[in-house]
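Position chains B and C against the provided structure of chain A, taking the given hints into account.
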Amino acid sequence: MADLVNLTIDDVAVSVPKGTLVIEAAKQAGVLVPHYCYHPGLPVAGVCRMCLVEVEKAPKLQIACATQVTEGMVVRTRSGQAKSGRTGVLELLLINHPLDCPICDQAGECELQDFTFQEGRPSTRYSPTYPKRFNPVEDFGPDVLYVPNRCILCTRCVRFMEDVAKEPVLNVSERGDRAFVGIHPDAQLDHPWSGNVVDLCPVGSLLSKDFLHKARAWELDKTASVCTGCSQGCNVTLDLRDDTVVRIRPRANLDVNQYFICDHGRGHYRWMNRGDRVEAPLVRDGADLRAVDWDEALDRVRTLLKGAGGSAVALVSPKTSTEGLYFARKALARFNWSGAFQVVMGEEAPLAGVPNLALRAERAPNGKGAELLGYTRDYAAALKAAEKAAVVLVIDDPEAQIKTSGQVIYLGTAAPASLNAAIVLPMALMVEEDGTYVNRDGRVQRYFQGRGTPAMARPAWWVLGQLADVAPDSASAAFDVMAADVEAFRGMSYATLGLAGQRTGAGAGVPA
Amino acid sequence: MSAAHAAEAEPYQPVFVGKTLDRLNEIIARYPAKQGALLPALWLVQEARGWISDDAMAEVATVLDTTAAHVKGVVTFYTMYHQHPVGKNFVQVCTTSCCNICGAEDVVKALLEETGAKELGATSPDGKWTVIEVECLGACGFPTPILVNDDFIENVTPEKVPELVRKYR
Amino acid sequence: MGYPQKPHPKETVVLSEYFGDPEARTFKGWVKRGGYEALKKALAMDPNAVTEEVKNSGLRGRGGAGFPTGLKWTFMPKEKKGPHYLCVNADESEPGTFKDREIMRWTPHALLEGTAIAAHAIRAEVAYIYIRGEFTEPWTVMTQALAEANAAKVFGNITIYLHRGAGAYICGEETALMNSIEGKRGNPRIKPPFPAVAGVFGKPTTINNVETLAAVPHIIKRGSAWYKGLCLSSPKSTGTKLFSVCGHIQKPGNVEVTMGFPLKDVIYEMCGGMRPGRTLKACIPGGSSVPILTKEETEKCLLDYEGVAEAGSLLGSGGVIVFDDSADMVYQIMRLARFYAHESCAQCTQCREGTAWTTKIMERILAGKGQMKDLDLLLDLSENMTGKTICVLSDSCATPVISGIRKFRSEFEDYITGKKRPVMVA
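Keeping their order, the protein sequence lines are chains A, B and C. Start counting at 1 in the first sequence, then tack on 26, and there's your number in this note's numbering. Start counting at 1 in the second sequence, then tack on 809, and there's your number in this note's numbering. Start counting at 1 in the third sequence, then tack on 7, and there's your number in this note's numbering.
Excised from the complex, chain A in its bound form (with noise of 0.2 Å):
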């Protein structure tokens, strides 16, 4: 245990470890200094100068970013000479700001829009005669825009290219009030994590080509996930604007990402709003596939494994929830069952500034939870077993070419290709149901619902739930009997992992 500080923060007393920053220990005491270069995935800067506190026996006020607690501190973050410290600098960054929040994408989630309806002036005391500082737009690389106007210095996106990226391509260019962040004419923000700019911009300065003009901040609604792009694990929040997913952006956890993501994983979101979705249950007769209710696709899929026997086959997508893998694996147990799952590689590319933070080379976000249940990844031997297995359940892998001389179920979100399946049954997608992913360290995910499935699809738990003796009725339900059964995952349950998840074999002892 660390030394502990205590001080109190407007008038609440908190305990913190000793080396804390003033403006973290005020969270603690549930009070958000407003700030702008502060971030605490960056090396401290102490430039823009907003979080300005009172702190007793100091002369005079103090930047709460930079301050480290000391004990029997007062700190005030609310006197009237805090706030009139913090309202001179509001004032003094709008006055080359444009006012141009109507047509800027930041609106809605802008913390210079925030602080200064907290605690700005009523009104500017600039002249409206002065021109504002002016540059053109500039375009920084694949997806990042520059708007110099409203750039307010705070230098996060230079940081984060020096001290995170470690590929320093902007810097603060020319000083005074012509000061802007530059970038060489032969440089390009093109690193494969440079996206995070854009969220560590605190104003509308640093834009996502992507996402331009898409929608406004309050049009979105939000959802925790975890990236589908890697086998990582990103927590990420989706934001969706009526039922699309339109952005993908880190969501803080300092196990994992801290509080990036990388552009593979930002951009990772299109196959979500596929059009080509596989709507309602469909059954094979003769040459042609009929659309079922449920009730009589569930029967026919037990008319079909119990007539079956020896072996049968999984051939699964590693975007598979665990509990749909679970389920499936046990749908099949009477059988003599393989599994396996395919994985895309690609190149890896680490975050240099933090440990065990890369886009890995296997593009698969449930691998090790595919694998913690028993498939495996040597997919060529799966297929050559499918040839001979009486039953061959694939999971959501639309492209995949299979010979068999067994039946085929086909469990997935889009109409398989080429597979000559019994069955086809449609299934929710990930932001479509709540789910779990194991990333590759092994630490358990959860992601939630954003939206509702189209038609008649249902995650996967549920599908292959109807199969097992007790159906669960929920995927928390779906989890905890997974954790029940199998040792990885003992002790766990969805209120136990909550947003942050917990490593496997941590309910059983082992810490995590």
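Since the hints were derived computationally from the structure, they do not count as laboratory data. From the three backbone atoms N, C-alpha and C, an ideal C-beta is built for every residue, glycine too. One or more of the hints may lead you astray.
[Unchecked claim] Result set (BS3-like, lysine-lysine): computed pairs, CA atoms no more than 30 Å apart in a straight line:
id, chain 1, residue 1, chain 2, residue 2
1, C, 198, B, 918
2, A, 83, C, 198
3, C, 380, A, 86
[Said to hold, decoys possible] Far from chain B by the CB rule (all over 12 Å, computed), these chain C residues:
id, residue
4, 36
5, 380
6, 429
Showing chains B and C alone in chain A's frame:
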């Protein structure tokens, strides 16, 4: 578009070769980190080329194991580095308070007129003169001090300007 | 009296003894004048004893802050775990100040000797002398002097390098100067860590001003008691100090006087007083960053840290800017504001935006378009720019504005009411 790109017909010739590279290496040895030699390296570039182009910044970055963006941030911070070509005689006139009350603005006027540069920061049609106002040159007791390239000249008055300009023409 | 004037009988000539004497620039000439004896003596002493001697002398930093020099040296780690550095601040850029320039031009070896003694005291093996880029002549003289001294191997195992700035006032701020030596933008750093813990290249560093170090050999040679005895008023201010006198004055130049000397004598006697027919209106006694004094305040002011503070200003760097009754205070304060706006490093909001805004308001007043409420706005803005930023550049811009409006308000009002014709175009 930078001047470097406009002149892309001529490929960039590196500054740090031969004796200039030797000089730089001798300077690098003075600092525990290579980047310490950045300001001196930029001086060497300006000495050789008269100004510091984007290509030259990229070269300096390579030689000193840093990035072109960092170099550019530094170049734009220090007012004595030229980001554009300037006249053969680059004149800096102090116009901060102490010199100001002693008539520095009249010296500026006389210089702009006499050199033909006409406007602050512009280069005279013959390419020989660029005149700029600068803040305190640190010779307030000798108003008005001016720098013509590296020559520091004290006590300049409007009357002395024609003779001075003749000397450098 | 410093070059180009002849010494005045009332001066106490220590640092400026050889100003204007070309032979003193050479190594041989310096040795002939007793140079490098102090260094020899210091190198034979324990570093702590050198520090103690300087501490006892009462010498305070001559760059502007007036921090006790010997005490500063004691902040360096007692146990040496890696390299220590000495940085010499020769980035003299404070408007009104030109003393370090003369020290380097005429007595380069005085600075080199003081630098080596200080490096020995703080156990630094390397010293960087950071000379502002515009100082081409001092650069040449120092380069020559360093080459001669190196050839004579006088520095023991201490190495001295010269580092040339490139046009940035802010590099006179100690941590900005260190960033500049490291090949970065001259941005002041947040403290802590202080330089004695993590300075240049992240190593323990002490930084001293040129004039401070030039005084050190004299202290070592003649003893701290002698130096301490040079005191006319407050015992907290000892030794001699160079005052750069400029502006509306008959004989501008450097004057070296004992601490506590009356400012009025410097202006009226030693520097020849006002131009014919003119009278004193105001004076900035310590470089442009300190409050302006009125005629009455100036004439009562004693030149030491405490005396100038009592008069309502600060000793600062000792740059004395004199304004006679012809001076347009509004225009001159605008020029100062423009100076700070030009030099702001752009880090802190109050400074980056505030200095530029202040300049715009001042320009508008001078264009005859000001309003009375602009004066309140200027004062409020200046208050907002004071004591809230990493370094004091922002405060320095606010200071002349605040003191200017307080003491010369009618001049501002004359532009606003139209009593005075506009001198600028908005």
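Hints violated by the structure (listed by number, smallest first) | 1
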